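S.K.: Based on these hints, arrange chain D on the given structure of chain W.
Sequence order for the protein chains is W and D. Add 122 to a position in the first sequence, counting from 1, and you land on the number used in the numbering used here. Add 122 to a position in the second sequence, counting from 1, and you land on the number used in the numbering used here.
Among the hints, a few may not be true.
A pair counts as met if it fits within one copy or between any two copies, since identical chains are not told apart.
Subject to a maximum C-alpha distance of 25 Å in a straight line, what follows is the list of computed SDA-like cross-link-like pairs (lysine to any residue) [claimed, not checked]:
#, residue 1, residue 2
1, K267, N317
2, K210, F360
3, K210, R302
4, K267, E251
5, K198, R211
6, K198, I323
7, K267, H169
8, K267, R211
9, K210, D329
These aren't lab readings, by the way, just hints derived from the structure by calculation. The model shown is predicted, which means the values in this text are computed figures rather than measured ones.
Okay, here's what each chain looks like letter by letter:
Number of protein chains: 2
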Amino acid sequence: MPELRRCPITRRWAIIATERAVRPNGLRTTRDTVPPAISPFAAGNEHMTPPEIHAVRAPGSAPNGPGWRVRVVPNKHPALRVEGDLDKRPVGLYDHMNGIGAHEVIIESPDPDFRLQRLPREHLVDALETYRVRMQDLQHDSRFKFALLFRNHGAASGATVAHGHAQLIALPVVPAETQRMLDGAQQYYRSHERNIFDDIIRQEVDDGRRLVHDAGPFVLIAPYASRVPFELWIVPRFHATRYETANRDQLEALAGVLALALDRLDRGLGDPAYNLVIQSAPYGMDDVPWYRWHIQIMPNLTRVAGFELGSGFFINPTAPEEAAEFLRSLPA
Amino acid sequence: MPELRRCPITRRWAIIATERAVRPNGLRTTRDTVPPAISPFAAGNEHMTPPEIHAVRAPGSAPNGPGWRVRVVPNKHPALRVEGDLDKRPVGLYDHMNGIGAHEVIIESPDPDFRLQRLPREHLVDALETYRVRMQDLQHDSRFKFALLFRNHGAASGATVAHGHAQLIALPVVPAETQRMLDGAQQYYRSHERNIFDDIIRQEVDDGRRLVHDAGPFVLIAPYASRVPFELWIVPRFHATRYETANRDQLEALAGVLALALDRLDRGLGDPAYNLVIQSAPYGMDDVPWYRWHIQIMPNLTRVAGFELGSGFFINPTAPEEAAEFLRSLPA
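Chain W with its partners taken away, still in its complex shape (with noise of 0.2 Å):
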């Protein structure tokens, strides 16, 4: 059973996930994505994972088949464990809980080599709305405290599987660098009255030098503070506290934009490496004036090294007023 331990210092949580070992006679050194002959994830290999939990299907084709175009299925290695108990204990000055969680994959095309961006959009906006539709869901279990859909592009942004997918796990905690951003941003409204991304979109848009994208209902930015080069967040201009609450239209606008910036990163820096976000609330935490979700996408360009994680606090060395201007520069 994998186990959630808190740092009773920092009081941040770590996944000791040891049925994912990384064992002193198996270590993985190299780190390079070794593109198996055949992927798990391609259609008509639906055997080489666990069963589907939900899948976009043709009309008439059957679960565990081909005929799909997006499919979730539980991840074969997961860091956390649906069945059991939390069993919430203290070891001795320790926190402990079971790892207890959800940790799904979601595969948004059959196609080996497919790319994000270049999917047809009404196809881009089923995996966005799979994305949506299983971050609600789990919601209904009420050991989870909170959701985080990420997706990890490329070997060196950590994947492990070269058929390109996005992953879910569902938490019996919230994080604390989620926390940390509630609590900033609900310190931000307390003063001002006033939601701290509404004040961001109207200056980014008014300033313009680290806008890449105004497209309506969403912009895209490279944030003031970017932690690294090219990181870029896809704000939405409407009020909305979690993703799950997006609607169809919303999906179809933010296709477009998220499309927009992967396509960009793709074609300017040649197709980096990225892990790619959806920050949205804690699970209950239905509707709060102070709080947005918000997508953010940080390309994979320069290593985090020892600075980075003693700290917490990057060096980055490219400035989002050059990273926006040059991503505004390539022809659309």
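M.R.: Chain D alone, transformed into the frame defined by chain W:
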């Protein structure tokens, strides 16, 4: 001039250091260290670095020539600049200050192939003493609030020069991660009237499963909530808030346990890349009962991926009990 910029939501600072630019036309997409034909840090090549700030030298040898065994120089591509004013000001809703700080390189041996753990003991003590001297010296600049001494070993850890070295960054702010550690330790002390590091040592020595080595004034442990496989902490048994107060006896004992830790990682895991950080208290916090300096070593055996970046929540596939047992089992 580099800039410090603060995310208005998370309150986390980033250094925008455009003089270390990663520009679209010059992106580092390969991340492995290419060993240069000549080490700029080797004996005889002193002219390849900026003039030295400090050195441990043979009597009679001249600065910036051979004859040294530990040498400190300014970083040739510093993330921060020593000259100038902080110029703290708002940029709309954001916080800006100039990237004022020190960025030094501490070369612990003139031998391009040296390993810290294989240096003669007295030589290693000189290196640890040099860390101490430089951390102490920078506190005299009242613009600096905090210094981080770190060491990136191996290309996977972010090292960009193959010749081993430590780095020292002095900052005009206390990083958010450090502040959280300080806050957590202080809160524990308020609740219990005991230093949390004393309680951790007591529990780990009693329990034994995560104890790698008990070396008198220092314990070497795999921390309970280890973020990465084989994370190790060296914690002093004696009370000291800041590393800079360590005396020669203490540094001799530290050299012993540090060499043991790095030697076991080297032999047990095949010279893995690692990040090492000395976690000391901020400048001005000279002696508080609730905090204690310590060393954190994070081997780089798995990748930090989207989930970690998005949540601050680490997934660690190796239990610290297993890591400690393996490291203990190696022949001395």
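S.K.: Next step is simple, just say for each hint if it's right about the structure.
M.R.: Outcome of the hint check:
Proximity of K267 to N317 under the C-alpha cut-off of 25 Å is restricted to the intra-copy arrangement: shortest distance 23 Å within a copy versus 32 Å between copies. In this homomeric assembly, K210 and F360 never come within 25 Å of each other (Cα to Cα): the closest approach is 39 Å inside a single copy and 33 Å across copies. Taking CA atoms no more than 25 Å apart as the test, K210 paired with R302 passes in both settings, with 23 Å inside one copy and 23 Å between copies. For a Cα distance limit of 25 Å, the shortest separation of K267 from E251 inside one copy, 21 Å, qualifies, whereas the shortest one across copies, 47 Å, does not.
Taking identical chains as interchangeable, the C-alpha atoms of K198 and R211 are never at most 25 Å apart, the minima being 28 Å within one chain and 50 Å between chains. For the identical chains of this complex, K198 and I323 are neighbours neither inside a copy (40 Å) nor across copies (38 Å), given an alpha-carbon limit of 25 Å. For the homomeric pair K267 and H169, neither the shortest alpha-carbon distance inside one copy (32 Å) nor that between copies (58 Å) is at most 25 Å. When the C-alpha separation of K267 and R211 is checked against a cutoff of 25 Å, the pair qualifies only within one copy, where the shortest distance is 18 Å, while the shortest distance between copies is 38 Å.
Proximity of K210 to D329 under the C-alpha cut-off of 25 Å is restricted to the inter-copy arrangement: shortest distance 20 Å between copies versus 49 Å within a copy.
Checked against the numbered hints above, the structure breaks hints 2, 5, 6, 7 and satisfies the rest.
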